[in-house]
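Q: These protein sequence lines map, in sequence, to chains U and B. Just so you know, the first sequence maps onto residues 42 to 317 in the working numbering. Just so you know, the second sequence maps onto residues 1255 to 1621 in the working numbering.
FYI, nobody ran anything at the bench for these hints, they're computed from the structure. Fair warning: this is a prediction, and the values are worked out from it, not measured in the lab. Glycine included, C-beta positions come from ideal geometry on N, C-alpha and C. Check before you lean on any hint, since a few could be wrong.
Cut-off 20 Å, straight-line C-alpha distance, at most; resulting in silico cross-link-like pairs (SDA-like, lysine to any residue) [what the hints assert, rightly or not]:
| # | chain 1 | residue 1 | chain 2 | residue 2 |
| --- | --- | --- | --- | --- |
| 1 | B | K1405 | U | P222 |
| 2 | U | K304 | B | A1600 |
| 3 | B | K1480 | B | A1600 |
| 4 | U | K141 | U | A287 |
Here chain B is said to cover these stretches of chain U; the calculated rule only asks that three of the stretch's residues, wherever they fall, bring their Cβ under 8 Å from a Cβ of chain B [stated by the list, open to error]:
| # | stretch |
| --- | --- |
| 5 | 127-135 |
| 6 | 148-156 |
| 7 | 220-229 |
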Amino acid sequence: MNDVRLAVIHADEAARAGIATRLRGATVVPWVPGDCDAVLIFGIAPSEQLFGGGVPVMYVAEPCPPADAIEELFANARHFGAPFVVVNPDRYLPSRQLIKKQLAGPLGEPGLTRLHLWEPHSTDAPIIRALDVILWLAGRRPNRVYAVEQNEAGVPGRFVQVHLGFPDGGMALLDYTNRLPPGDGYQSLSVIAASGAAYADDHQNAQLLYRGGNAQAVRTDERAGQLAAIAQDFVNALCTGRDFSASATEWQSVFAGAAAVQKSLASGHAVELEAL
Amino acid sequence: MTAARKFRCAVLSAVKHDYVARGVASHPRFELVVVADDPNVPAWAHERNQQFADAHRIPYMRDVTRALSDFDVDIAIVSPEAERHCGLSIRAARAGKHVVQDKPLATRREDADALVDEVERAGVRFLMWNRNFLPAVLHARDQIAAGVIGKPYAIHADFYFAKDAGPPRGTGQPGYPPINWEAHQIAAHIDGADGGLGREPMGELAVEGIYPLGYIRLLTGADVKKVFARSTAFFHQAHADNGVEDLASVTLEMDGGLLGSIAIGRIGLASHSSGGEIKLHVLGTAGGLVISEARPEVGIYYKGQPPKEARQRRVAGENDLLLADDFARAIDGTRDTVLGVRASRAIFATVTAALESCRTGDVVKVR
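Next up, chain U with everything else stripped away, as it sits in the complex:
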């Protein structure tokens, strides 16, 4: 497929324009049923009408819907014969993209992935998205899950820590809180791999601001090209005929992991996760 006519549905016109400016090999068009090669939709779950065109659809899951809603979307897409992929936008942060590429190259197989994710408030389903990133980087599904949670009476928010074990001995740690005071959040992703390591840490990417008293650390944002990267990946996939069927399986793994986290939290035990 060349010069894809890509319908981009985004509530923010500036974001849509930003994608159109950056996109190569495609033309961004308004969504008109029957008048596009593919549809990229941000934030709003695709309707049956949208699937009805039978063209490939990419849905950027922000906010991330629950498992049953995503399963229903895949079922609808199958019903209408529309190739369908659900993407987690976090995978398209430039730091995550770089690490993923390096894992397939000089870094080699990941052995230990560690993700700290701290927020002043809960955005949507951050643990689901974080699990997705970890499983995507690992390229496989965990077989052992242990999770602990810290709740304090009278203190809003939560702290959850998830520990994953993979069948070959690999492992991952995730800690999430939405109890930071109002202001910036914090993320740190490190991947210890067979031939090296990658460290993407807001700590390293902070600039200093002096206005009296202690200096403030101000994060340098990496999200400028994130949406365009999603669109470009979709276009590239269309042009190369990439198979979209893995998406449903990947989300099954993520939601199975999330279910195991809940089961572990409820039971206080480590939970075995069977292979799909």
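For this one, chain U is given, so just place chain B on it according to the hints.
A: The following block gives chain B in isolation, referenced to the frame of chain U:
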């Protein structure tokens, strides 16, 4: 003004890390007066002890008991192979000497318990050598003590050594015998990669776990109650051949509902340009703290720089001096050292539980 009393130190085996003895001696109140070891230790051990004694222009005696009595010793600095740690420390304590010991505390639970009993019965001070007085760790301690982040509820430590440890995993030839752990460690002494020196193979949790767990103890004062851990021999053939881990992660459940984790590994020279990423992440009721253990540091880069030379050099570190000073103050006064024998026993128990969790795949209570 009366000068503070100077402490006379016997170095009881310098076969593993002579940095412990050198660290103690960096303080003006400590003086190395003799190196001693048992007569029946192997020739290579005598050789290393003699070299250390010669370097410090002090005698080497192949008789621990006589060295402790004849040299009017106050303190024993214990750094032999891991299996002999407790035995030498117990003998020193029984002789009424204060003890500075290298990691790990012990290789067996009963040895650790016997050491606690003997130190407490003798009423001597014990210090497990550690890194708790590095500038960044002290900064974290001070911030937390000042209440800047409120009451801590979660704490995480990453402790990676960017070091190789012999041939990479997967290089073992079919039909060849497994790498002999002790021989490998003896040979590794030349470049300082012999953290697990001893007859029994030891993984990174046992060898280095004291450091991140020591930080967590310093910053929270909490005991670990339960652990869940994963480990693997991911990098090095010596670890794979001997069934010990070079990469591990541990979930910690502590007193008062405090949660935490450590990630630890000897992850290969290529994984970091300056010795390894070591970080602390602390969450409290009023905020969070992210600490790089290496800072302050200075970047040094030049043509022809050796690959093993750190690009970021640590500066302003006084860990050795401050540890020795802490020890001196504990001897002078009534309080314990920054990492006394009971705290070290608690860390040993945490590591032991973590290793059990790695084997069983289950959550394990710390005993």
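Q: Looking back at the numbered hints, which does the structure fail to meet, lowest number first?
A: 2, 5
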